[in-house]
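Novice: In case you want the letters, here they are:
4 protein chains.
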Amino acid sequence: MPGVPPAQYGYFGPAGTFTHQALRTLPAQHGEPVPFATVGQGLQAVRDGEVTAVLVPIENSVEGGVTATLDNLTYGDPLVITREVLLPVQFTLFGRPGTALRDVRQVLTHPHAAAQCRGWLAAHLPGATVTEGGSTAAAAAEVADPGSRFDAAICAQVAGELYRLAPLATGIADNPDAVTRFVLVSRPGPVAPPTGADKTTLVIFMREDHPGALLEILEQFASRGVNLCRIESRPTKRTLGDYCFSVDAEGHLDDARLAEALMGLHRVCADVVFLGSYPRADQQRPVIRVGTTNADYAAAASWFRRLHG
Amino acid sequence: MPGVPPAQYGYFGPAGTFTHQALRTLPAQHGEPVPFATVGQGLQAVRDGEVTAVLVPIENSVEGGVTATLDNLTYGDPLVITREVLLPVQFTLFGRPGTALRDVRQVLTHPHAAAQCRGWLAAHLPGATVTEGGSTAAAAAEVADPGSRFDAAICAQVAGELYRLAPLATGIADNPDAVTRFVLVSRPGPVAPPTGADKTTLVIFMREDHPGALLEILEQFASRGVNLCRIESRPTKRTLGDYCFSVDAEGHLDDARLAEALMGLHRVCADVVFLGSYPRADQQRPVIRVGTTNADYAAAASWFRRLHG
Amino acid sequence: MPGVPPAQYGYFGPAGTFTHQALRTLPAQHGEPVPFATVGQGLQAVRDGEVTAVLVPIENSVEGGVTATLDNLTYGDPLVITREVLLPVQFTLFGRPGTALRDVRQVLTHPHAAAQCRGWLAAHLPGATVTEGGSTAAAAAEVADPGSRFDAAICAQVAGELYRLAPLATGIADNPDAVTRFVLVSRPGPVAPPTGADKTTLVIFMREDHPGALLEILEQFASRGVNLCRIESRPTKRTLGDYCFSVDAEGHLDDARLAEALMGLHRVCADVVFLGSYPRADQQRPVIRVGTTNADYAAAASWFRRLHG
Amino acid sequence: MPGVPPAQYGYFGPAGTFTHQALRTLPAQHGEPVPFATVGQGLQAVRDGEVTAVLVPIENSVEGGVTATLDNLTYGDPLVITREVLLPVQFTLFGRPGTALRDVRQVLTHPHAAAQCRGWLAAHLPGATVTEGGSTAAAAAEVADPGSRFDAAICAQVAGELYRLAPLATGIADNPDAVTRFVLVSRPGPVAPPTGADKTTLVIFMREDHPGALLEILEQFASRGVNLCRIESRPTKRTLGDYCFSVDAEGHLDDARLAEALMGLHRVCADVVFLGSYPRADQQRPVIRVGTTNADYAAAASWFRRLHG
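So the protein lines, in turn, are chains A, B, C and D. The first sequence: position 232 = 232 (full-length UniProt numbering), numbered continuously. The second sequence: position 274 = 274 (full-length UniProt numbering), numbered continuously. The third sequence: position 59 = 59 (full-length UniProt numbering), numbered continuously. The fourth sequence: position 233 = 233 (full-length UniProt numbering), numbered continuously.
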């Protein structure tokens, strides 16, 4: 499109992280993607216009929500999610070329990776010492140094390739089904049209922390036939016991049932932060309850107008 | 108003009934009001254009709903309620002029009146015989006949006056607080603007008689902060155990919360019959829940439009 | 059973009514059943020990609830339902023996019967005059009198047979599926064991007429997986707009889910009137929601006891 | 108490952490409390009988839930919470004795502490370099070393005192109201009696991840008048989008309303993990809804028993 500046993406780095690997599943972008040392720095770079969008982790099937991402999107200047990526978390043990599995004595990795591979390590490298460092990508970089005292790193495939290491064992996570969900975040702009399999992310602050407020919020969705695929409470940072709710609702801003639920929330809640309507990575279409299609909404509005006589 | 034909009203007669008495609380109409022998005949006369509107009973605080009225409005050609009247049901014992209470031996009245004055009759006229006839107004007419074998009638004030009888005892109902509610019914036309203390009458048919359908219907109101002041189940006349619900909801078609509830019902129900938005006779204004005013609805719609970027 | 006095039943008469006909579907009783002129007299006779039980109508699929029955059971001294009978309402036109259909000029019947056969009468006896009297059975008796000015009566099969009339046309109701439900009412005593297809009848008075009270009541049932097969509002007779709810719930006092719902109602309501657990006439077994069987309740109680350590 | 072995407590260490400081608010225990390097090691030591109980953080008003604690209690062998402690998170800047605030160039602390004091540091030590290390207590230890290159540590009061440092500035957190909640965890045993201001902690696994399951769970509490003071979703670690819910409910195992809610959850959920009933640190008594006291439950049970006749 002439006149439209090409997109440049950032990601939660350094190079070789799982986020970096997830970024590769997106269509080609202009220029090299920019790594950011923290989620906060990456999101700020989008706000400042340094990059068009940034890919950050938001949730892991084993560890749960990434609070740095959730809180920054909630409390920082407005940003929206435009896309999500699901990536199976597959850990590989990489060594310097020439190293055999049986020779590995010193392993370096990130604490999360160590925790998720504990069973495999106990079974296959019972004698090895595992040291926990700052990131799996940094561990790969360290191992790549011929002078390192570490023989191997547990890291993402992309990190091993980046540092030209040799895979010694793949798929070594104790839970082979672990998945991390990443979101591509941009400055607010026109919302892309619905695909039919969409999600909308919101943060909902209750008007007061009265008992039953969460029930009331859920009923705003339920009474319109909108299902939630994620709900997570987060502290409002004001006082212990005061929570807001980060939710992913099935559907798009252009779905009448979701529109009505959103307006309902706006009326009964202290605040509703809209964080984007975007296609689901799993392309799963919602089961639509009888009476909640856009056509049903249009028919009801048309009937209502006729009542006035 | 030039060009507008003056209204002529009908009522559930004959002359002298409580409905007749209720009619007198309405502003003056053109011409004599027309009595109809049955509720059904009165409502049909409105449909046929013979009268502008008809006043019929719909509910009594002791006897419950008037099924002839409820069912005719539900299943007949469209009509709407434009006004309601509440009338305390005060029974008076009327005799022919010159009759003393102690001389009353034979009392004539309608079975409902006899039932509602049973205690008073036992206490004050223990020796009298009570005969049940077709209406309290007809009883008054009969007693007015000098040749009648009846000494007194239990009837409405208006009937006693009409037949120039003498009141022997007033306020003789065992339940002094009994009230009957009447509705003025017209052909559908432009709905009068809200007064701030309005009611809307509906009949709701569930999509299928599934367990929980009534709960779902109530939630359509509750989730919008609309209270119900009456709910009555009526058979759909199809099969035993299949009901529709006649309800009075607080509010007017022009209240956004009621509008949304109505459209919600239209979407989830098999059918919704609109029977009018009209001022409450008791002028009681609703308690409006936080977030449900028209201004709240407008603010939410305006917020929503901005989300699209 | 030696020592147990044999049951004698009463019914809402006179002989030849539909209630009489319904009574014949019950097992043989001792002695002749006793007709009562009104529902109230029949129920009082049970309270006074004159009869063991009385059969009265409670609901009709076209006309709705029988308020005399509902209110007497609610406000009178305690009685319970021990059985229900469903009877298709089949109207027959009976004439004096020797009368042909084409000769019928004067028809006598009860107003409900006239209303329910209006279409048939218009089609088949357009020239006949229909007079409304006190009961279909009385109409049959009148027609049986050779000196009567009436040629035919619309009544129940049993009435025609009783008065030795000849059927001129059968199944003449406009709605061929109309059904009346009758209940057999006794003084309170041990509740018969569950059959697996039972109903429990209750009258529920809300603690105060607060908006949402009905929703709260329905949730007491719904949260335990108990479905309602009938719900009817009745005035409390105190003030207009104050209702109690007559309900039939699926299940028996011995079903743990119903027991918990009943106790829940007792706690949140002003009053709960228990009107019996008894077998369903249609023998339809409820769909039991996961987690609500007696075994589930027992397992939960056993788990809970272990928590205490 | 003779014969009862004295309690020895562990805590999430090392010495000088906020957990250590929170432990000091508990009554004196036998022997020195034992620090554990990780929450997991501390909880395992309780399971193994090495210590009687361990104090671990579970929630922070700014950072949210402590997932290591939540997940270990959920998925590990049974443990229960017997007590909670709330501790305001007050950060102090400690220096070696003799250091003046204006001389501070190098600050060492834990990343959470750095994040929570960012504003104060920018305002009062704009030229200082902040380095993030493993724990605030370790930072204090490092600064206490006369040969350290760090001039000051941000840490808890207890850590500064332990290492005989001098306070340079107190209350330096940007959010002065931050509070951390700690729980004392033991092996399951008899539950202590209610105090009237109690909490019960549960983890709830839904039977299947069906839409509306959370609503159903909340209704199990709401229908019994039990309020929740915390609800947090956690991944079940099986598949992305599959959550369990960690909740704190108002009340004690001996409160009939909570007992019924718990049994209700047991029936409708796949699993309910009981993590203890214990006194609230804030001693706040619940608002008890009409009809939900133990006396109300007893009255309902007694009424129900009489129904059987």
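These are calculated hints, taken from the structure and not from any lab test. Just so we're clear, the structure is a prediction, and the values are computed from it rather than from any experiment. Hints are supplied without guarantee of correctness; some may be wrong.
Residues of chain A clear of chain D, computed beta-carbon distances all greater than 10 Å [said to hold, decoys possible]:
{"hint": "1", "residue": "Gly31"}
{"hint": "2", "residue": "Gly76"}
{"hint": "3", "residue": "Glu161"}
{"hint": "4", "residue": "Ala197"}
{"hint": "5", "residue": "Gly212"}
{"hint": "6", "residue": "Glu232"}
If you want the footprint, here are the derived chain D segments under chain C, 3+ residues with CB under 8 Å [unchecked claim]:
{"hint": "7", "region": "11-19"}
{"hint": "8", "region": "57-65"}
{"hint": "9", "region": "149-161"}
{"hint": "10", "region": "257-268"}
{"hint": "11", "region": "293-299"}
With a Cα cut of at most 20 Å, we get these calculated EDC-like pairs of lysine to aspartate or glutamate [as the list claims (entries may be wrong)]:
{"hint": "12", "chain 1": "D", "residue 1": "Lys237", "chain 2": "A", "residue 2": "Asp77"}
{"hint": "13", "chain 1": "A", "residue 1": "Lys237", "chain 2": "D", "residue 2": "Glu63"}
{"hint": "14", "chain 1": "C", "residue 1": "Lys237", "chain 2": "C", "residue 2": "Glu208"}
{"hint": "15", "chain 1": "B", "residue 1": "Lys237", "chain 2": "C", "residue 2": "Asp174"}
{"hint": "16", "chain 1": "A", "residue 1": "Lys237", "chain 2": "D", "residue 2": "Glu161"}
{"hint": "17", "chain 1": "C", "residue 1": "Lys237", "chain 2": "B", "residue 2": "Glu63"}
{"hint": "18", "chain 1": "A", "residue 1": "Lys237", "chain 2": "D", "residue 2": "Asp282"}
{"hint": "19", "chain 1": "D", "residue 1": "Lys237", "chain 2": "D", "residue 2": "Asp271"}
{"hint": "20", "chain 1": "D", "residue 1": "Lys237", "chain 2": "D", "residue 2": "Glu208"}
{"hint": "21", "chain 1": "D", "residue 1": "Lys237", "chain 2": "A", "residue 2": "Asp271"}
{"hint": "22", "chain 1": "C", "residue 1": "Lys237", "chain 2": "B", "residue 2": "Asp282"}
{"hint": "23", "chain 1": "B", "residue 1": "Lys237", "chain 2": "C", "residue 2": "Glu63"}
{"hint": "24", "chain 1": "C", "residue 1": "Lys237", "chain 2": "B", "residue 2": "Asp177"}
{"hint": "25", "chain 1": "D", "residue 1": "Lys237", "chain 2": "D", "residue 2": "Asp77"}
{"hint": "26", "chain 1": "C", "residue 1": "Lys237", "chain 2": "C", "residue 2": "Asp282"}
{"hint": "27", "chain 1": "A", "residue 1": "Lys237", "chain 2": "A", "residue 2": "Glu208"}
{"hint": "28", "chain 1": "D", "residue 1": "Lys237", "chain 2": "A", "residue 2": "Glu208"}
{"hint": "29", "chain 1": "A", "residue 1": "Lys237", "chain 2": "A", "residue 2": "Asp77"}
{"hint": "30", "chain 1": "A", "residue 1": "Lys237", "chain 2": "A", "residue 2": "Asp271"}
{"hint": "31", "chain 1": "D", "residue 1": "Lys237", "chain 2": "A", "residue 2": "Asp282"}
{"hint": "32", "chain 1": "C", "residue 1": "Lys237", "chain 2": "C", "residue 2": "Glu132"}
{"hint": "33", "chain 1": "B", "residue 1": "Lys237", "chain 2": "B", "residue 2": "Asp271"}
{"hint": "34", "chain 1": "B", "residue 1": "Lys237", "chain 2": "C", "residue 2": "Asp177"}
{"hint": "35", "chain 1": "C", "residue 1": "Lys237", "chain 2": "B", "residue 2": "Asp174"}
{"hint": "36", "chain 1": "B", "residue 1": "Lys237", "chain 2": "C", "residue 2": "Glu208"}
{"hint": "37", "chain 1": "B", "residue 1": "Lys237", "chain 2": "B", "residue 2": "Asp282"}
{"hint": "38", "chain 1": "B", "residue 1": "Lys237", "chain 2": "B", "residue 2": "Asp103"}
{"hint": "39", "chain 1": "A", "residue 1": "Lys237", "chain 2": "D", "residue 2": "Glu208"}
Glycine included, each C-beta is placed from N, C-alpha and C at the ideal position.
Novice: For every hint, state whether the structure bears it out.
Specialist: Taking the hints in turn, this is what the structure says about them:
Its beta-carbon lying about 31 Å from the closest one in chain D, Gly31 (chain A) satisfies the requirement of being farther than 10 Å from that chain. With a least beta-carbon separation of about 14 Å from chain D, Gly76 (chain A) lies farther than 10 Å from that chain, consistent with its non-interface assignment. With a cut of 10 Å on Cβ distances, Glu161 (chain A) stays outside the contact zone with chain D, its closest approach being about 25 Å. The beta carbon of Ala197 (chain A) is kept farther than 10 Å from every beta carbon of chain D, the shortest such distance being approximately 14 Å.
The Cβ of Gly212 (chain A) does not lie farther than 10 Å from every Cβ of chain D; its closest approach is about 6 Å, which violates its non-interface assignment. Not every beta carbon of chain D lies more than 10 Å from that of Glu232 (chain A), the smallest distance being close to 5 Å; the non-interface claim is violated. A stretch counts as covered by a chain when three or more of its residues have a beta carbon under 8 Å from one of that chain; for the region 11-19 of chain D and chain C the count is 0, and the coverage is violated. Counting residues of the region 57-65 of chain D whose CB falls under 8 Å from any CB of chain C gives 0; the rule of at least 3 is not met.
Coverage of the region 149-161 of chain D by chain C is violated [criterion: at least 3 residues with CB-CB distance below 8 Å; count 0]. Against chain C, the region 257-268 of chain D contributes 8 residues with a C-beta closer than 8 Å to a partner C-beta. That satisfies the three-residue criterion, and the hint holds. For the region 293-299 of chain D, the proposed coverage by chain C is satisfied: 3 residues have a C-beta within less than 8 Å of a C-beta in that chain, meeting the threshold of three. A threshold of 20 Å between alpha carbons decides the hint, and for Lys237 (chain D) with Asp77 (chain A) the separation of about 32 Å lies outside it, so the pair is violated.
With a C-alpha separation of about 8 Å, the suggested pairing of Lys237 (chain A) with Glu63 (chain D) holds against the 20 Å cut-off. In summary, the hint linking Lys237 (chain C) to Glu208 (chain C) is supported, as the alpha carbons are separated by about 14 Å, within the 20 Å threshold. Of the supplied pair hints, the one linking Lys237 (chain B) and Asp174 (chain C) holds, its CA atoms being roughly 11 Å apart against a limit of 20 Å. The hinted pair formed by Lys237 (chain A) and Glu161 (chain D) fails the criterion: a straight-line CA distance of about 28 Å is larger than 20 Å.
For the hint pairing Lys237 (chain C) with Glu63 (chain B), the CA-to-CA distance comes to about 8 Å; that is within 20 Å, so the pair holds. Between the alpha carbons of Lys237 (chain A) and Asp282 (chain D) the distance comes to roughly 18 Å, so the proposed pair stays at or under 20 Å and holds. For the hint pairing Lys237 (chain D) with Asp271 (chain D), the CA-to-CA distance comes to about 15 Å; that is within 20 Å, so the pair holds. The suggested pairing of Lys237 (chain D) with Glu208 (chain D) holds, with an alpha-carbon distance near 14 Å, which does not exceed 20 Å.
Pair hint Lys237 (chain D) plus Asp271 (chain A) does not hold up; C-alpha atoms about 31 Å apart against a cutoff of 20 Å. Taken as a hint, the Lys237 (chain C) and Asp282 (chain B) pair is honoured in the structure, with Cα atoms around 18 Å apart against an allowance of 20 Å. Between Lys237 (chain B) and Glu63 (chain C) the alpha-carbon distance is near 8 Å, which keeps this suggested pair within the 20 Å criterion. About 9 Å separates the Cα atoms of Lys237 (chain C) and Asp177 (chain B), which keeps this hinted pair within 20 Å; it holds.
Taken as a hint, the Lys237 (chain D) and Asp77 (chain D) pair is honoured in the structure, with Cα atoms around 17 Å apart against an allowance of 20 Å. About 33 Å separates the Cα atoms of Lys237 (chain C) and Asp282 (chain C), which puts this hinted pair outside 20 Å; it is violated. This hinted pair checks out: Lys237 (chain A) and Glu208 (chain A) have alpha carbons roughly 14 Å apart, not beyond 20 Å. A C-alpha spacing of about 32 Å is found between Lys237 (chain D) and Glu208 (chain A), which places the hinted pair above 20 Å, so the restraint is violated.
Our distance criterion of 20 Å between C-alpha atoms is met by Lys237 (chain A) and Asp77 (chain A), whose separation comes to about 17 Å. This hinted pair checks out: Lys237 (chain A) and Asp271 (chain A) have alpha carbons roughly 15 Å apart, not beyond 20 Å. About 18 Å separates the Cα atoms of Lys237 (chain D) and Asp282 (chain A), which keeps this hinted pair within 20 Å; it holds. With a CA separation close to 30 Å, the supplied pair Lys237 (chain C) and Glu132 (chain C) exceeds the 20 Å bound.
Proposed proximity of Lys237 (chain B) and Asp271 (chain B) is supported: the alpha carbons are some 15 Å apart, at most 20 Å. Among the hinted pairs, Lys237 (chain B) with Asp177 (chain C) is consistent with the structure: their alpha-carbon atoms are about 9 Å apart, no more than 20 Å. Between Lys237 (chain C) and Asp174 (chain B) the CA atoms are separated by roughly 11 Å; this keeps the pair inside 20 Å, and the hint holds. For the given pair, Lys237 (chain B) sits about 32 Å from Glu208 (chain C) by alpha-carbon distance, which is inconsistent with the 20 Å threshold.
For the suggested pair Lys237 (chain B) and Asp282 (chain B), the alpha carbons sit about 33 Å apart, so the restraint of at most 20 Å is broken. Proposed proximity of Lys237 (chain B) and Asp103 (chain B) is contradicted: the alpha carbons are some 49 Å apart, above 20 Å. The hinted pair formed by Lys237 (chain A) and Glu208 (chain D) fails the criterion: a straight-line CA distance of about 32 Å is larger than 20 Å.
In the structure shown, a violation is registered for the earlier hints numbered 5, 6, 7, 8, 9, 12, 16, 21, 26, 28, 32, 36, 37, 38, 39, in ascending order.
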